[in-house]
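Novice: Chains as they are written, first to last, in the working numbering: chain Y, 1 to 336; chain U, 1 to 186; chain V, 1 to 435.
Worth double-checking, as some hints may not be accurate.
Non-contacting residues of chain V with respect to chain Y, defined by C-beta distances greater than 10 Å in every case (computed) [said to hold, decoys possible]:
1. 8
2. 16
3. 236
4. 362
Partial selection, computed: residues in chain Y whose CB lies under 8 Å from chain V [stated by the list, open to error]:
5. 41
6. 45
7. 49
8. 252
Hints were generated in silico from the structure; no laboratory data involved.
Using N, Cα and C, we set each Cβ at its ideal position, and we do this for glycine too.
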Amino acid sequence: QETIRAVVIDGYPARALWVKEFSEFFIPEVDKRLAETGNYKMDWQESYGGAIVKPKGVLEGIQLGLGDIGIVTTIFHSSKLPSQALAAVTPFVAPDARVVAKAVDEIAQEFPAMQNEFDKQNQVYLATGVVLDSYQVFSSQPIASPKDLDGTKVAGAGMNLRYLEGLNNAAGVRGGLTDFYNMVQTGLVGSAMLWPEAAATFKIAEVAPYMLKVDFGAVNSKTVTVNKDYWNKLPDEVKTVLREVAVEYRDHIAEISMDRAREALLKYMDAGGSIVEVDDLARAEWAEAMPDIAAEWAAGLDSKGQDGSGMLKAYLAKLEAGGYSGVRDWSAGLSN
Amino acid sequence: MTGVVSTALSSLSLAANRIATAANVIGTLVVLGLVAVVNFDVVARGAFNMPFRGAIEVVQFSMVLIVFFQLPDVVRSNRLTRSDGFLILLGLTRPRLAGVIRRLIDLLSCVIMVLITVALWPEFVEMWHTNDYFGIPGVFTAPWWPIKLTIVCSAALCAVLFAIKSLGIEPDASAISNKSAKGRQE
Amino acid sequence: MSPVEIGTVSVLAIVALIYLGVYIPIALTVVSFVSIWLMRDNFDLAMNLLKIAVGDSVMEYTFATVPLFTFMGLIVSKAGLGNDIYEVMSSGFRRVKGGIGMATVGANAVFAAVTGSSIASASVFAKVSVPQMLHYGYNPRFAVGVVAGSSVLGMIIPPSAMLIIYSFVAEQSVGEMFLAGVVPGLMLAVAYVASIWTMGKFWPSFVGGRPADGYEWLSWSEIASKTLPTLSLIFIVLGGIYTGWMTPVEAGAAGSLAGLLIAMLRGRMSLKGFWEALIETGHISAAILFLITAASIYSRMLGLAGLPNELSDMLVGNDYGFVTIMVVYILLMLVLGTLLDTASIILIVVPLFLPLIEPMGLSLVWFGIITVVGAEIGLLTPPLGISCFVIKATLNDSRISLKDVFMGALPFAAVMLIVLILLIRFPALSLAILN
Ligand code: NA
Ligand code: NA
Numbered sequence: 001q002e003t004i005r006a007v008v009i010d011g012y013p014a015r016a017l018w019v020k021e022f023s024e025f026f027i028p029e030v031d032k033r034l035a036e037t038g039n040y041k042m043d044w045q046e047s048y049g050g051a052i053v054k055p056k057g058v059l060e061g062i063q064l065g066l067g068d069i070g071i072v073t074t075i076f077h078s079s080k081l082p083s084q085a086l087a088a089v090t091p092f093v094a095p096d097a098r099v100v101a102k103a104v105d106e107i108a109q110e111f112p113a114m115q116n117e118f119d120k121q122n123q124v125y126l127a128t129g130v131v132l133d134s135y136q137v138f139s140s141q142p143i144a145s146p147k148d149l150d151g152t153k154v155a156g157a158g159m160n161l162r163y164l165e166g167l168n169n170a171a172g173v174r175g176g177l178t179d180f181y182n183m184v185q186t187g188l189v190g191s192a193m194l195w196p197e198a199a200a201t202f203k204i205a206e207v208a209p210y211m212l213k214v215d216f217g218a219v220n221s222k223t224v225t226v227n228k229d230y231w232n233k234l235p236d237e238v239k240t241v242l243r244e245v246a247v248e249y250r251d252h253i254a255e256i257s258m259d260r261a262r263e264a265l266l267k268y269m270d271a272g273g274s275i276v277e278v279d280d281l282a283r284a285e286w287a288e289a290m291p292d293i294a295a296e297w298a299a300g301l302d303s304k305g306q307d308g309s310g311m312l313k314a315y316l317a318k319l320e321a322g323g324y325s326g327v328r329d330w331s332a333g334l335s336n
Numbered sequence: 001m002t003g004v005v006s007t008a009l010s011s012l013s014l015a016a017n018r019i020a021t022a023a024n025v026i027g028t029l030v031v032l033g034l035v036a037v038v039n040f041d042v043v044a045r046g047a048f049n050m051p052f053r054g055a056i057e058v059v060q061f062s063m064v065l066i067v068f069f070q071l072p073d074v075v076r077s078n079r080l081t082r083s084d085g086f087l088i089l090l091g092l093t094r095p096r097l098a099g100v101i102r103r104l105i106d107l108l109s110c111v112i113m114v115l116i117t118v119a120l121w122p123e124f125v126e127m128w129h130t131n132d133y134f135g136i137p138g139v140f141t142a143p144w145w146p147i148k149l150t151i152v153c154s155a156a157l158c159a160v161l162f163a164i165k166s167l168g169i170e171p172d173a174s175a176i177s178n179k180s181a182k183g184r185q186e
Numbered sequence: 001m002s003p004v005e006i007g008t009v010s011v012l013a014i015v016a017l018i019y020l021g022v023y024i025p026i027a028l029t030v031v032s033f034v035s036i037w038l039m040r041d042n043f044d045l046a047m048n049l050l051k052i053a054v055g056d057s058v059m060e061y062t063f064a065t066v067p068l069f070t071f072m073g074l075i076v077s078k079a080g081l082g083n084d085i086y087e088v089m090s091s092g093f094r095r096v097k098g099g100i101g102m103a104t105v106g107a108n109a110v111f112a113a114v115t116g117s118s119i120a121s122a123s124v125f126a127k128v129s130v131p132q133m134l135h136y137g138y139n140p141r142f143a144v145g146v147v148a149g150s151s152v153l154g155m156i157i158p159p160s161a162m163l164i165i166y167s168f169v170a171e172q173s174v175g176e177m178f179l180a181g182v183v184p185g186l187m188l189a190v191a192y193v194a195s196i197w198t199m200g201k202f203w204p205s206f207v208g209g210r211p212a213d214g215y216e217w218l219s220w221s222e223i224a225s226k227t228l229p230t231l232s233l234i235f236i237v238l239g240g241i242y243t244g245w246m247t248p249v250e251a252g253a254a255g256s257l258a259g260l261l262i263a264m265l266r267g268r269m270s271l272k273g274f275w276e277a278l279i280e281t282g283h284i285s286a287a288i289l290f291l292i293t294a295a296s297i298y299s300r301m302l303g304l305a306g307l308p309n310e311l312s313d314m315l316v317g318n319d320y321g322f323v324t325i326m327v328v329y330i331l332l333m334l335v336l337g338t339l340l341d342t343a344s345i346i347l348i349v350v351p352l353f354l355p356l357i358e359p360m361g362l363s364l365v366w367f368g369i370i371t372v373v374g375a376e377i378g379l380l381t382p383p384l385g386i387s388c389f390v391i392k393a394t395l396n397d398s399r400i401s402l403k404d405v406f407m408g409a410l411p412f413a414a415v416m417l418i419v420l421i422l423l424i425r426f427p428a429l430s431l432a433i434l435n
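Isolated chain Y, as found in the complex:
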């Protein structure tokens, strides 16, 4: 029996959902499968929460060999991993972590772009993780429709700030998850965009008891990768097990995220929050008023010789097959 050492890194703490499930699902599952033949045994060193890298440093940490296996938070790396923004540039389609995770992961297998981007960073792509069901809008004042957000300030982070460009004079204020409670409480912003589980964690109901259920949709943000030099030295049996378990891990955390989201919404209402449904007409209006961020994204990849347009169409088709068609056809604006 050969023992193989693996340093697992993430900059987020061990209590974060995807890190905890890596410890409690991924690792035991790999150990179990390897034990079936008994040829190999893993010696895991789990270094989370800034022990070796910060959240933004996982990509570089795996690239440079400071960790062997890592969970890269892809939204920090728009420049190095542009194709990972696929779900973020197609809002108002699928508020379901399971469907989005599977679709993005299949795109990664069918088109070379995602794997190539990681390959350039000296790492091997294993699987996509989706840890939230959908961004929603949480407001301090009663709101009945997206129109009520016109002319207000809305807190957000990353790509979702661009969604606000579909509203009249709404100003996006940047902030981190931990700042949103304060920002809403003081009136610095009227509302904030975050997902129900985070809203429950940070007790948003106390300051923003009106949730506008806009269903922007699930977004992929975590990718499990392995350092390429390390990967090339692994025996085939271990490689196979890692790949299989990564896919199960993908579905496992998506499933948990959906459960958490359901519980979080109940919690939100228990804490005095009310949920305002938004009809598809209003969602479509908002979506139509947005700049065509999907076409922008596809054109960016096309110009680099990656088939962005093809990825976009294939991705939307997969969501459709999964039961979700958007209020706006994000492939309509493609030039080819």
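Given the coordinates of chain Y, assemble chains U and V with the ligands onto it according to the supplied hints.
Specialist: Below, chains U and V with the ligands alone, put in the same frame as chain Y:
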């Protein structure tokens, strides 16, 4: 040391000291810029509903400029954090030994700065070619290469300054001001 | 070598190098670099560690608090706000035994709320209150001891560079750390005043001094003009952070601008003074942030060695009690405090102890306050006590030796230790304000 070499080294020393001082002035202006940018964002957001969307990237960027533009001058003026009680005590009884130790420490520091320069240089070259950026596309982005370039140049300049200290070369023109800086420190 | 052995040897090596006089960031980097190289027998990996740590550790948004609060502190020192507060305080305390000492503590506590470093406090009050105390016949040791002791308030009462450093190492919110520092800081100030009163009663020879006669009561308008600028700055900075209107970075920038306006309105800011404050800000920020960068190399090296994992296993295996860990922690800080500066102590011990503290379910905000107060005791203890050095250098008076400063500061270090034990015993003292 022959006269020519010694003059050349002395001019190099003078040049390095002057560059460090100039970089210091730029870094100092960045501090002022930081105060201005953050206040601008606060007012624009609070009073005019128009937050400056690149505030975070600009602040991050200016932190790199402040630290790495100032670092060579910190080295030059002997203000890098150290605890030299032992060296001062030793200097009272064994001044030559204390002097040798000081030079060895500066040599060690020079080696570390060279290593940092060597480690970061390929990063700069890569960023220069790939045009990698940070921030959010469509919201605000800034290129990485100026950051890496700043760090590489700063570390290289620190390496030169430590080498100068280690060799004990006084820059001819600024020798006097340098001595007074040392005197104040000790 | 096991991770624990690597950890132990590296700490010893770092302390030895620092004691020898090696620049602290260089000592941290050298030892980390060599440790990785030897441990993994891989030079490239050691270079990669440098690359990732130097490349991204300064790029932290909250780090902007370091230059901003440093600048604000320097501007208000130059504008004489420290002197103003001191005058008001001493007019209040003038009749009491040890009154000028109490006034110094009070003025320091207020001034601490607008400056981020102890150095600024120590140099301002060494110039302002030591000559006063000597004039009224106070024991020189007591006079310098009071200034040294109360200067640490600058780093405990927010804003504080040390709380910022801790919040970076332990990944806590800077805003929460600042708020948690308010009560412990005020508590320490009250403890100092109480102990001065006690010393005046039972150990009058140590205090010395006679009631001040030359003072006149300040009129209300004088009091207002001397306190309102500082109070408005405190209102902007702490109020902004407490209500959530501003992030600590924004509060630092707003405070700097307001401090600058106040200084200009009062005609106390020359262009030269302004420029000096800017240069000084750059030097201090670069030195602190380079130190933080080096410390992040060191803590990542410990992470790569697997030390945090090993320590957690040891904790689970041996079931050390809370008291044991705290006693070891404080002793370690006191020992390191003899040689190292506060920032280095925080940066060295926190990564070692976080893996022990976090699984015990203890608040990391509370742990930060304990850490900063514990590490600050070192400012007052020989042979390396930065506050004492600053006071000695600022006074530049041959009648007062460095030994006098340290001896005078000792009772105040003891008071700090008692306060520290109370803070450990009653975490609510630090945490209540957060809820
Ligand atoms: Na302070
Ligand atoms: Na000390």
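Novice: Run every hint past the structure and note whether it holds.
Specialist: Status of each hint after checking the structure:
| no. | hint | result |
| --- | --- | --- |
| 1 | 8 | holds (18 Å) |
| 2 | 16 | holds (25 Å) |
| 3 | 236 | holds (14 Å) |
| 4 | 362 | holds (14 Å) |
| 5 | 41 | violated (18 Å) |
| 6 | 45 | holds (5 Å) |
| 7 | 49 | holds (7 Å) |
| 8 | 252 | violated (24 Å) |
Hint compliance for this structure: hints 5 and 8 are broken, all remaining hints hold.
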